[in-house]
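**Q** Chains A and B, in that order, give the protein sequences.
Take the first sequence: its letter number 121 is residue 120 in numbering that gives the first Met the number 0, and every next letter is one higher.
Take the second sequence: its letter number 154 is residue 153 in numbering that gives the first Met the number 0, and every next letter is one higher.
These aren't lab readings, by the way, just hints derived from the structure by calculation.
Each hint should be verified, as a subset may be incorrect.
It does not matter which identical chain is meant; a pair holds if it fits inside one copy or across any two.
Straight-line alpha carbon distances no greater than 27 Å define the calculated DSS-like cross-link-like pairs of lysine-lysine that follow [stated by the list, open to error]: (1) K170 with K55; (2) K20 with K81; (3) K81 with K55; (4) K113 with K55; (5) K128 with K166; (6) K68 with K170; (7) K60 with K40; (8) K20 with K54; (9) K55 with K40; (10) K40 with K166; (11) K45 with K128; (12) K40 with K112; (13) K54 with K113.
Please read these numbers as outputs of a predicted model, since none were measured by experiment.
Listed below are the residues making up each chain.
Protein chains: 2
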Amino acid sequence: MELFYDPDFTGNGILNESESKHCINVLRHKEGDIITVANGKGQYFKCRIINPHHKKCELEKIEVQNHDKPSFGLHLAVAPTKNIDRFEWMVEKAMELGVTEITPLLCQHSERKKLRIDRVERIIVAAMKQSLKAYMPVINDLTPFDQFMTQHASAHTYIAHCYDSDKQPLKNAYSEATDAILCIGPEGDFAEQEVAQAVQNGCQPVSLGNSRLRTETAGVIACHTIHLINE
Amino acid sequence: MELFYDPDFTGNGILNESESKHCINVLRHKEGDIITVANGKGQYFKCRIINPHHKKCELEKIEVQNHDKPSFGLHLAVAPTKNIDRFEWMVEKAMELGVTEITPLLCQHSERKKLRIDRVERIIVAAMKQSLKAYMPVINDLTPFDQFMTQHASAHTYIAHCYDSDKQPLKNAYSEATDAILCIGPEGDFAEQEVAQAVQNGCQPVSLGNSRLRTETAGVIACHTIHLINE
Numbered sequence: 000m001e002l003f004y005d006p007d008f009t010g011n012g013i014l015n016e017s018e019s020k021h022c023i024n025v026l027r028h029k030e031g032d033i034i035t036v037a038n039g040k041g042q043y044f045k046c047r048i049i050n051p052h053h054k055k056c057e058l059e060k061i062e063v064q065n066h067d068k069p070s071f072g073l074h075l076a077v078a079p080t081k082n083i084d085r086f087e088w089m090v091e092k093a094m095e096l097g098v099t100e101i102t103p104l105l106c107q108h109s110e111r112k113k114l115r116i117d118r119v120e121r122i123i124v125a126a127m128k129q130s131l132k133a134y135m136p137v138i139n140d141l142t143p144f145d146q147f148m149t150q151h152a153s154a155h156t157y158i159a160h161c162y163d164s165d166k167q168p169l170k171n172a173y174s175e176a177t178d179a180i181l182c183i184g185p186e187g188d189f190a191e192q193e194v195a196q197a198v199q200n201g202c203q204p205v206s207l208g209n210s211r212l213r214t215e216t217a218g219v220i221a222c223h224t225i226h227l228i229n230e
Numbered sequence: 000m001e002l003f004y005d006p007d008f009t010g011n012g013i014l015n016e017s018e019s020k021h022c023i024n025v026l027r028h029k030e031g032d033i034i035t036v037a038n039g040k041g042q043y044f045k046c047r048i049i050n051p052h053h054k055k056c057e058l059e060k061i062e063v064q065n066h067d068k069p070s071f072g073l074h075l076a077v078a079p080t081k082n083i084d085r086f087e088w089m090v091e092k093a094m095e096l097g098v099t100e101i102t103p104l105l106c107q108h109s110e111r112k113k114l115r116i117d118r119v120e121r122i123i124v125a126a127m128k129q130s131l132k133a134y135m136p137v138i139n140d141l142t143p144f145d146q147f148m149t150q151h152a153s154a155h156t157y158i159a160h161c162y163d164s165d166k167q168p169l170k171n172a173y174s175e176a177t178d179a180i181l182c183i184g185p186e187g188d189f190a191e192q193e194v195a196q197a198v199q200n201g202c203q204p205v206s207l208g209n210s211r212l213r214t215e216t217a218g219v220i221a222c223h224t225i226h227l228i229n230e
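The following block holds chain A by itself, in its conformation from the complex (with noise of 0.2 Å):
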């Protein structure tokens, strides 16, 4: 099933510019044609194309689909890697196992200090498309370390570092069907006094197990540990 996303489209009316090139220039669909919009807020509305014009393409509603939100939060805060291909398959996977919220962290050994969140997008748009999501996640600009913590320092926030201090693993720290809030290092982890800073504020210390995991695949295995408690 190929899916369009278009998050002002409401059923009938002029498809965005983007999909309807990628609509008319590339798939080379027709008028008369069926094809399914997604607004990425749950909806997804199987439409007649009645003008297929390539920039302003025209859709007249059959139906609509409407889809559950979540049942449960998934929000992945996560150091971007120094290689931005890494990040960017990270982040694409996270979207397949359902994440609703990402925030790039800025630690104290970030080694990536800049990120450009439109190619984050991209890729998340992709992503929901191919897996066939309702729901876009919501996107955050890279957050200093100290001011996430200030926003969502709780108890359903885990932090998932490196150091032999008294943590237990996520799988055990996390209760089915609640919201997560999962907190991954850079490729030097975080430094002590982020960890501490996180305990202080409530949050629970956590490991991914026995393997020493690259960032990227850290953050790909604390999301799907959650994808499959609540399975």
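Let chain A serve as the given structure and place chain B on it in line with the hints.
**A** Frame of chain A; chain B shown alone:
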């Protein structure tokens, strides 16, 4: 910790040419420096450089660290994706998650019908060093599905597919501390006849959750499911 890999190294003597070059030319190690060499068969040799030759670096053993073999086999049998980058990412992540054997599969719907095994091996060696594993996995050539079934169909063989037929979640089908052979199909899924053949031969049909996953994502999360259950 920085690890060198030489399958023929036994503690004292000459390090292979490519690792000698990396050690001396790239990392600029000197006589007297201490390095660690893994043989991929469970042993780490802590050694002193006695002759820093860039092709035949000579080492003297200080001590040996022996690692236990993994207590269960994790064999990933997966159809390589058309896009080779995606397949190589998956292989790298599978190694981080402790895979012990990899078989690229040639299936009815396979997009990729040829594979350079030397490239796969290079990715795996790099991942083994980075994730500090002690055992190199067995890496098989591209194998037709039929032949793979003849060799590996068993009650411990799990075939993941997207059809609406009897299947249970992998996390329920798998028992802790047992071997697992995970079969992941190509982009267009296994053919129905391939699934039927597997089931007839005693394999267990499984689901990897409700999300629609790319082949390489399915491979990583299937490995992670096994890894997580054994944590």
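**Q** Now look at each hint and say whether the structure bears it out.
**A** Checked hints:
no.: 1; hint: K170 with K55; verdict: neither (48 Å within a copy, 47 Å between copies)
no.: 2; hint: K20 with K81; verdict: between (34 Å within a copy, 26 Å between copies)
no.: 3; hint: K81 with K55; verdict: neither (39 Å within a copy, 33 Å between copies)
no.: 4; hint: K113 with K55; verdict: neither (35 Å within a copy, 42 Å between copies)
no.: 5; hint: K128 with K166; verdict: between (37 Å within a copy, 26 Å between copies)
no.: 6; hint: K68 with K170; verdict: both (23 Å within a copy, 25 Å between copies)
no.: 7; hint: K60 with K40; verdict: within (17 Å within a copy, 62 Å between copies)
no.: 8; hint: K20 with K54; verdict: within (6 Å within a copy, 56 Å between copies)
no.: 9; hint: K55 with K40; verdict: within (22 Å within a copy, 62 Å between copies)
no.: 10; hint: K40 with K166; verdict: neither (37 Å within a copy, 31 Å between copies)
no.: 11; hint: K45 with K128; verdict: within (14 Å within a copy, 50 Å between copies)
no.: 12; hint: K40 with K112; verdict: neither (31 Å within a copy, 40 Å between copies)
no.: 13; hint: K54 with K113; verdict: neither (33 Å within a copy, 40 Å between copies)
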